Amino acid sequence: MVSRAGSSRPILATRVAFFIAGALIATWAPMVPFVKHQALLSDGTLGVLLLTLGLGAMLAMPLSGSAAARFGCRAVIVASSTSAALLLPSLVFLPTPAWLFVGLPLLGFAVGMLDVTMNIQAVMVQRRSIRPMMSGFHAFFSIGGFAGAGGASFLLQAGLSHATATLTAAGLLLLLLVTTARHMLAEGGEGDSQGFALPRGPVLLIGIACLIVFLTEGAMLDWGALFLNLVHSAAPASTGFGYAAFASAMTLGRLLGDRIVRILGARVIILAGGICAALGVTLAMLPLPWPLPLAGFLLIGLGCANIVPVLFTAAGNQSVMPANQALAAVTTVGYAGVLVGPAVIGFIAQASSLRTAFACIALALIMVAFIGPVVGAKEQSRKPA
432 MVSRAGSSRP
442 ILATRVAFFI
452 AGALIATWAP
462 MVPFVKHQAL
472 LSDGTLGVLL
482 LTLGLGAMLA
492 MPLSGSAAAR
502 FGCRAVIVAS
512 STSAALLLPS
522 LVFLPTPAWL
532 FVGLPLLGFA
542 VGMLDVTMNI
552 QAVMVQRRSI
562 RPMMSGFHAF
572 FSIGGFAGAG
582 GASFLLQAGL
592 SHATATLTAA
602 GLLLLLLVTT
612 ARHMLAEGGE
622 GDSQGFALPR
632 GPVLLIGIAC
642 LIVFLTEGAM
652 LDWGALFLNL
662 VHSAAPASTG
672 FGYAAFASAM
682 TLGRLLGDRI
692 VRILGARVII
702 LAGGICAALG
712 VTLAMLPLPW
722 PLPLAGFLLI
732 GLGCANIVPV
742 LFTAAGNQSV
752 MPANQALAAV
762 TTVGYAGVLV
772 GPAVIGFIAQ
782 ASSLRTAFAC
792 IALALIMVAF
802 IGPVVGAKEQ
812 SRKPA
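So the sequence shown is numbered by this note's numbering: it starts at 432 and just counts up by one.
Please keep in mind that the hints were generated in silico from the structure rather than gathered at the bench. Any given hint could be a false lead.
Said to hold, decoys possible - Label pairs and their computed distance ranges (CB to CB): (1) G602 x F502: 22 to 28 Å; (2) T599 x P722: 23 to 29 Å; (3) G602 x A782: 16 to 22 Å; (4) Q588 x L443: 40 to 46 Å; (5) A666 x G590: 26 to 32 Å; (6) F801 x P722: 28 to 34 Å; (7) A589 x P667: 15 to 21 Å.
Given the structure is predicted, the values throughout are model-derived calculations rather than measurements. All C-beta atoms in this analysis are idealised placements derived from N, C-alpha and C, irrespective of residue type, glycine included.
Construct all of the structure, not just a fragment, from the sequences and the given hints.
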């Protein structure tokens, strides 16, 4: 049995891994306009480049489980975090189309490898504890996102160049990694190094549920502001409050999530979360005066907050597939929602309306609400060994 004292350092190290993953991508976001201008990219070329970032991540995710099993979580997390931190400033130092077409997929690959491996470590650390903690880990990803975007913007506002700002951010993240890396798990979880396996049985259902939730998150980011502008006639300067409400509610929900999961149990979290998020989408669609639709975005954030952490725990605890392969498969399927979801919403909006597209999201979230009992989401993580 691992004592609380003995497991506190791996817990902290896992939180740091999630924080770094969130901060890395968020630090890139404020640099996109600068890179577009410096590289003389058209909107279409930029769109293709950003797509390669996601494709690089999706290419890495299926391989991550076997990499963790072969080399251990610590080695993969350190290698992928270091690679991403070094690639990030290079894209700003050398914003040429040729390097961007090489560097962005590599950055996506590194972040995708980090994403899966940190979740594998999170499942292992949680098993050694006497309480749920997956929601708290994912909260640190959100906190890292706020810190990365906010910190980069602050450095730019302070007068630093884009290259210096990204180099400073990358250096701070590497310093944080160095101070905690030795407390990460040397082992790599259950399974072997045979490579990617297609999701099957409950793992496939878990992946579909994650896809829907990730699609919802992508919709809030890419379409939320436009939805408030077109459907509710909100002023363009105010439409950003929609995603801010969603992201703040999701972060708060995850910070409180471990305690809520411990009290209510995993099945209730999925059921209540899916219904809450679906009600939020429905509320956002009602013809309410501004700013009442923002309450819908808050409900969406609260509802979605803990579904994915609970589902990742379920993927790590099921017995149909090795945990590493299951987590790699679930992450890959789920991430497809982020990659293709906004485009699907656009197609539906083009064929009908943006309101119809959001109604489809609400129906999909209702499906998620009833997946918990079907996939047999466990009420608690496995007992400590």
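Right, here's what the structure says about each hint:
As the Cβ distance of G602 to F502 is approximately 25 Å, the hint placing it in 22 to 28 Å holds. In this structure, T599 and P722 break the distance hint of 23 to 29 Å, their C-beta atoms being roughly 36 Å apart. Our hint of 16 to 22 Å for G602 and A782 is violated, since their Cβ atoms are close to 48 Å apart. Distance hint check for Q588 and L443: the Cβ-Cβ separation is about 31 Å, which falls outside the suggested range of 40 to 46 Å.
Our hint of 26 to 32 Å for A666 and G590 holds, since their Cβ atoms are close to 30 Å apart. Evaluation of the 28 to 34 Å hint for F801 and P722 yields a pass: the beta carbon distance comes to about 32 Å. In this structure, A589 and P667 break the distance hint of 15 to 21 Å, their C-beta atoms being roughly 27 Å apart.
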